[in-house]
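Listed here are the chains, written in short residue letters.
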Amino acid sequence: MAEQETAGVIHDIGFRHYDGPRLGRGWIVRSLLVETFRGAFGFGRPAKAKVMPWVLIGILLAPPLIFVLIIVLTGMKDLPVSYTQYFSSLQLIISLFIAGRAPYAVSRDLRHGVMPLYLSRPLKRDDYVFAKFGGMALAMFAILAAPETLLFVGALLAKLPVGDQIAGYAQGLAMSVILALVLTGIGLVIAAFTPRRGLGVAAIITTLVVVSAIGGILWGILTSMDNDALGAYLSAIDPYNVVNGIATSWFSVEPNISAMSTLGFTGGLVFTTLAVAIVWGSVAILLARYRKVGVV
Amino acid sequence: MPAIETPAIETKALTRTFGPVTALSQLSVEMPSGVVGLVGANGAGKSTLIKILLGLLAPTRGTATVLGLDCLTDGLKIRELVGYMPESECLPPEVSATEFLVHMARMSGLPTDVARERTADTLRHVGLYEERYRPIGGYSTGMKQRVKLAQALVHDPKLVLLDEPTNGLDPAGRDEMLGLIQRISTDFGIAVVVTSHLLGELERIADHIVVIEAGVLQRSTSTAAATTMSSVVLVEVTDRAAEVMALLTAAGAKAVAGDSEQTFAVEVGDERVLDEIRGAVADLDVGLVRIQRRRHHLAEMFQSAERPQSAERLQTSEEVSHG
Numbered sequence: 001m002a003e004q005e006t007a008g009v010i011h012d013i014g015f016r017h018y019d020g021p022r023l024g025r026g027w028i029v030r031s032l033l034v035e036t037f038r039g040a041f042g043f044g045r046p047a048k049a050k051v052m053p054w055v056l057i058g059i060l061l062a063p064p065l066i067f068v069l070i071i072v073l074t075g076m077k078d079l080p081v082s083y084t085q086y087f088s089s090l091q092l093i094i095s096l097f098i099a100g101r102a103p104y105a106v107s108r109d110l111r112h113g114v115m116p117l118y119l120s121r122p123l124k125r126d127d128y129v130f131a132k133f134g135g136m137a138l139a140m141f142a143i144l145a146a147p148e149t150l151l152f153v154g155a156l157l158a159k160l161p162v163g164d165q166i167a168g169y170a171q172g173l174a175m176s177v178i179l180a181l182v183l184t185g186i187g188l189v190i191a192a193f194t195p196r197r198g199l200g201v202a203a204i205i206t207t208l209v210v211v212s213a214i215g216g217i218l219w220g221i222l223t224s225m226d227n228d229a230l231g232a233y234l235s236a237i238d239p240y241n242v243v244n245g246i247a248t249s250w251f252s253v254e255p256n257i258s259a260m261s262t263l264g265f266t267g268g269l270v271f272t273t274l275a276v277a278i279v280w281g282s283v284a285i286l287l288a289r290y291r292k293v294g295v296v
Numbered sequence: 001m002p003a004i005e006t007p008a009i010e011t012k013a014l015t016r017t018f019g020p021v022t023a024l025s026q027l028s029v030e031m032p033s034g035v036v037g038l039v040g041a042n043g044a045g046k047s048t049l050i051k052i053l054l055g056l057l058a059p060t061r062g063t064a065t066v067l068g069l070d071c072l073t074d075g076l077k078i079r080e081l082v083g084y085m086p087e088s089e090c091l092p093p094e095v096s097a098t099e100f101l102v103h104m105a106r107m108s109g110l111p112t113d114v115a116r117e118r119t120a121d122t123l124r125h126v127g128l129y130e131e132r133y134r135p136i137g138g139y140s141t142g143m144k145q146r147v148k149l150a151q152a153l154v155h156d157p158k159l160v161l162l163d164e165p166t167n168g169l170d171p172a173g174r175d176e177m178l179g180l181i182q183r184i185s186t187d188f189g190i191a192v193v194v195t196s197h198l199l200g201e202l203e204r205i206a207d208h209i210v211v212i213e214a215g216v217l218q219r220s221t222s223t224a225a226a227t228t229m230s231s232v233v234l235v236e237v238t239d240r241a242a243e244v245m246a247l248l249t250a251a252g253a254k255a256v257a258g259d260s261e262q263t264f265a266v267e268v269g270d271e272r273v274l275d276e277i278r279g280a281v282a283d284l285d286v287g288l289v290r291i292q293r294r295r296h297h298l299a300e301m302f303q304s305a306e307r308p309q310s311a312e313r314l315q316t317s318e319e320v321s322h323g
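These protein sequences, in sequence, are chains A and B. Take the first sequence: its position 53, counting from 1, is numbered 53 in our numbering, and each next residue is one higher. Take the second sequence: its position 166, counting from 1, is numbered 166 in our numbering, and each next residue is one higher.
Calculated directly from the structure, the hints in this document are not laboratory data. It is possible that some hints are incorrect.
Under the rule of at most 16 angstroms between Cα atoms (straight-line distance), these lysine to aspartate or glutamate pairs were calculated in the EDC-like manner [said to hold, decoys possible]:
1. B/K144 x B/E117
2. B/K12 x B/E87
3. B/K144 x B/D74
4. A/K124 x B/D74
5. B/K158 x A/D19
6. B/K254 x B/D239
7. A/K48 x B/E94
8. A/K50 x B/E94
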């Protein structure tokens, strides 16, 4: 036997059993969340999958870089775009990101029937939904917080007043959290009902663009009818305006929709309730959806 | 060899209804830790049973235990120790078998480095080599079935539930898959429950056969016991078959006339009957053309069972899919 081994014979060592640790539900959910987060940026996927997300991230990061250069060079006393206004100005890019990545996160498992394999593993049905939601929301937060951070660092380099900048940055991050949750909810719900990835992408971007247009039109019509307050509320059919409304009401920042600043506490309450309803509702819909599709 | 004495799966008066439909009715069965064949036509309640066993569906009444764990309360623990291969398509085409298996191993709770190690091992055991780095989309049906089997084995379960693993395979692929399933039990020491609507292929590899129909247990038998009990040999002689038969009957053996004049069938209760046959032929000085052990099919056993209509249906489905 020993002679054979030294002669370099390859042995079939047979099926090896595993007695080591099995890490359980917490680790599984965390792994799935991390995998979803990485997948949103195309990590662990072929090079082709990395192109779209990184082009969009590049576009999101370019304006802050330019702004920072402008302030540093010209010695401006303020940022050209405030932390909270930034998202509205790059709304389309953000929409494209969620439209591209949400289907990537969920459509593969749905379309190819992978769900039974997850369900036959030591995690609970709802864990999958929470892990996917968490991973996607974290990825959205990352792409929203990154340009904010760039703006903040630039502002500090340009020696703008530190106190103001910290306050603005904090507000920007708070909005990033809310926007990430709201967009993830909407994106995943649509993606979960359109297992074909291309269809999902189209459905999400169409929805976001259309509601945005409708919001703008409603606001325009009602303003021209001198009903600014109602117009401001109705414009919140666009999820970006929900977040704008929250920022305007609680942080007293300059609104994109001017009437929002007149809504006061009631407005804040309405917009916050709306945001909570969107997030809570979409999670509830996702859980219900996965109770159906995940049948073994 | 796994211990046969402790049942891998045990159900007691297991009942599951969906509104007015009864999927499982008063099912009480013990499945030992060898290869257990679970046979039933589509809609017989096989998948409902699997869902209950995996702890994904609560029974309406009755209890079920897997590896001694209660399916109603210990679902997570059961799913840690059990592997499941679904009947349906479940593989994403754009990833490689290796990537997919590492992910599924992690989803079973294995640390990442262990997941990688066991992925390579498991794919080798199911017979996937260089192709494991290519996207699954380009695989043949046989290779896909192997990947599906591998994901059920990668976390080293104590028991695997294989749902129609030979579906869609050609005869050669079917034989390979059945051989692999047998090895899972004998070489890997993992208990196997394998479902099929084809009784014929399961009798080749199963130590125990459970038949359910319309949610009702029809039969639960060890195949070894069944084979020795009713083994039959076909005897052909050159002449005087009737006299040979008379001698054998006188010696206490049970002989029945065959299709042609000089053939007859003898039931072999024990090996001494074979000696009797030889002795009778020698005494009468006739030529012995053949003593052929008739390959015992479980299907025949069910044909003579008390509910012949269900057995016929099983056989018909076998013929149809073989044809």
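Hints violated by the structure (listed by number, smallest first):
1, 2, 3 and 6
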